[in-house]
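Build out the structure end to end from the sequences listed, making use of the hints.
Here are the chains, one letter per residue:
Number of protein chains: 2
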Amino acid sequence: MAKEQKDNQFVKEITDMTVDFPQWYTDVILKTELVDYGPVKGTMVIRPYGYEIWEHIQEELNKRFKATGHKNAYFPMFIPYSFLVKEAEHVEGFAPEVALVTHIGDTPLEEKLVVRPTSETIISSMYSKWVQSYRDLPVLINQWANVVRWEKTTRPFLRTSEFLWQEGHTLHATEEEAREETLKMLEVYREFMENVLAIDVLTGNKSEKEKFAGAVNTYSMEAMMLDGKSLQAGTSHYIGNNFASAFEVKFLDKDGKLKNPFQTSWGVSTRLIGALIMAHGDQRGLKLPPRVAPIQVVVVPVAAHKEGVIEKATELADRLKALGIRVELDIRDQSPGWKFNEWEMKGVPVRIEIGPRDIENGQFVAVRRDTLEKTFNKIEDLEKLIPALLDEIHANMFKQSHDFLYSHITECHNMVEFKEALDNQHFIKAMWCGCRECEDAVKAETAASTRVMPFDQTPIDDKCVYCGKPATRLIYFARSY
Amino acid sequence: MAKEQKDNQFVKEITDMTVDFPQWYTDVILKTELVDYGPVKGTMVIRPYGYEIWEHIQEELNKRFKATGHKNAYFPMFIPYSFLVKEAEHVEGFAPEVALVTHIGDTPLEEKLVVRPTSETIISSMYSKWVQSYRDLPVLINQWANVVRWEKTTRPFLRTSEFLWQEGHTLHATEEEAREETLKMLEVYREFMENVLAIDVLTGNKSEKEKFAGAVNTYSMEAMMLDGKSLQAGTSHYIGNNFASAFEVKFLDKDGKLKNPFQTSWGVSTRLIGALIMAHGDQRGLKLPPRVAPIQVVVVPVAAHKEGVIEKATELADRLKALGIRVELDIRDQSPGWKFNEWEMKGVPVRIEIGPRDIENGQFVAVRRDTLEKTFNKIEDLEKLIPALLDEIHANMFKQSHDFLYSHITECHNMVEFKEALDNQHFIKAMWCGCRECEDAVKAETAASTRVMPFDQTPIDDKCVYCGKPATRLIYFARSY
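Protein chains in written order, with this note's numbering: chain A, 32 to 512; chain B, 32 to 512.
Don't read these hints as lab results, they were simulated from the structure.
Every clue listed holds true.
Any copy will do: because identical chains look the same in the list, a pair fits if it lies in one copy or spans two.
Listed next, the in silico EDC-like pairs over lysine to aspartate or glutamate satisfying Cα-Cα at most 16 Å (straight line):
#1 Lys-160 / Asp-67
#2 Lys-240 / Glu-120
#3 Lys-288 / Asp-167
#4 Lys-183 / Asp-137
#5 Lys-102 / Glu-359
#6 Lys-97 / Glu-218
#7 Lys-102 / Glu-64
#8 Lys-97 / Glu-359
#9 Lys-260 / Glu-451
#10 Lys-97 / Glu-83
#11 Lys-409 / Glu-391
#12 Lys-102 / Glu-83
#13 Lys-72 / Glu-142
#14 Lys-160 / Glu-64
Printed below as a string of structure tokens:
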């Protein structure tokens, strides 16, 4: 016990998440070395432990994008300012927060350049060169890139001046096909959230107010964080002809007529790392979903100085590596207790402990990060047990996310219920008349915004939760990141 | 024959490389849809066929970086202007060509921001926060990113305002270890050039004039293009304490003393795509090295309307895909001849042709892009033959690159020989007194610059090729990209 206390002195302190959730988040991301603040206000440095999560997100999404026929490309980051103003809603939405390059060294540029906040404009300008005929359609291109949006309040991963993302930009001959693509990619994202990040989400259509500047419709997936706030985790936009007509993208259709193609765009960003931290973490720190964890299994020798212990620990690590599992063998000169705390804080899904007594008994200890459950297992079963355990941890984490979400949604019929539900850190499921005034008033009174209109629009009332006038749609409200 | 001619009408014309090599390059990159010009002068759009080459380059390098203990991270693109001026040579080298962000929307920034031309400054500033003790060393980090250097004369892949690259930045406790890392990464690059891009290179130390602005030593690999010019394909720098001392990166060493660590940086960029085009191409267009080719094998059915042909072509394609080979099945409504030309232009390493007669005989036709050699093979041997053929093509392309390089190097002892060798599109191997004046004079008279001082410094003369004074080193000269 005295030994344990001594060990604990070395563990970095994390704020109690029930007392101060934002501070818990900050403690976790800095102390686990996921990220650091950059020298320019609002920027972040993604450190190796955080960046590898992003690399696994990229691999998993690339697989899915490729399977749905998309190819990656790269477009320039600098956009002529004149492009930004070609689409009216787009410039209104983005102009105040764009970074502008005005000089090269001491020499002023003839036209100032926008550092891309998103790439619809420049990509549409290129598509106008590439597309002539219906034979050139569909165009199915994705880009991985950095983008810049200057935000007043920033927080690493959640909202930063520069962030990393992917942006898909597609062109189609018909509206129907473009709308199908929009929903297909929303589903790709939802399935990815379920099967990779182990997070359940609500999907649906955004309100006019909340949609992307330049889109006809924005679909979003909303994830619930442990403080009951919503995080918009990804969006898929049906763009219609807005940019195609502004940038004169035209194709000769089968019927001999010249037409604008129909466009979509869709993206997720390094925000997803913030999402998985706040959807899964606990008082001890991170709890990483196994499929993106940089280290899936850590092997910690106990009484490492005893004969054969390091050798056996190395053997177990090597056997797991041979299965393609990401393993860390921790033979640093620290006590096992110190290491256990450190790896729990860093959210490694499975810890294997092996000491002289275990070796004698032909067994190893496995501790799951999600439940902290400890089991004794036969060494000969290692290859069978660990992959299955990682899948089980994934499934359990998704179930927890699902249960947490659906136990924190309240159907509300008036603003008294609405405010009580918000106080309980719930999402609000309610009817809405559809007018901007109610949406704005709710936001002003409660700080909750509309999140999505779900695809299942079965009414739960006939009156708007705010004004009491006839309701036209079912929608979720929540405070959000 | 008449049929062949008709087919050829559909093939896009490529300029004769022996008549106008730069125009041949431009034709090839545009007509094979590797790249396009961006709307801002000097920028490029990397199209899917070009970007996938970059993705394979990334995969191959990531494997090698990981195997040598490096991890990826991401640092902000915006660098405070004050950082740039902290290292004297560095600011002198980069200040005239940096893009500067001065405004966010209409609001001027307090301090202008540099869009990174390279990241030594910002990364050193972060390292000063992360490194305290010898236990924190070495730091072995790599970054994949876009960088911006405003160049007067630009050409896609070779020199563009914005390009993609990787930049490794490492810190070490001793000069010896840092110098070892510098050379280790140069060797990683050389081995990658040989085993992935199939290009032989000359490696060595750059002259003081040609080294990186801020380095103590720059090592480079130089590849010979088919017009006899050199392309600097990658560099590895020993930085010493220059940035560590400017950014106050310090560590407490084992001996209890506070010291600056020793630094390296090393990078390759999308230039490599330009290199492989100009090292391997021919009159028909691209000749892609198999290990980075987006399509390694194309299967073209002949008399595709005949019963069973499409089915058999599909079967062959599927069997190769099952081996992990990147295969395209071309069932477009065009003649086989048109397709053969198109895929030759696009540089696909192996073309498989299959028609009714072949099926009858249980055979398929394989045509290698490197030699245009055509063979008839048993269908049952497909899985054995094709992977071996891809390896053989790689080996042959490397041998051609090697032979071309070493048959185009001339040892010169005076400027008459020097100029004659240059006229013959050769590299010049010569002795040099080591003084900047001679280097500048050679450049002014011949447009050739010093490339590298090879590691094998066996003298070939005792006098400087230019001034005739005592020579101190062996060096290569060439005109370059």
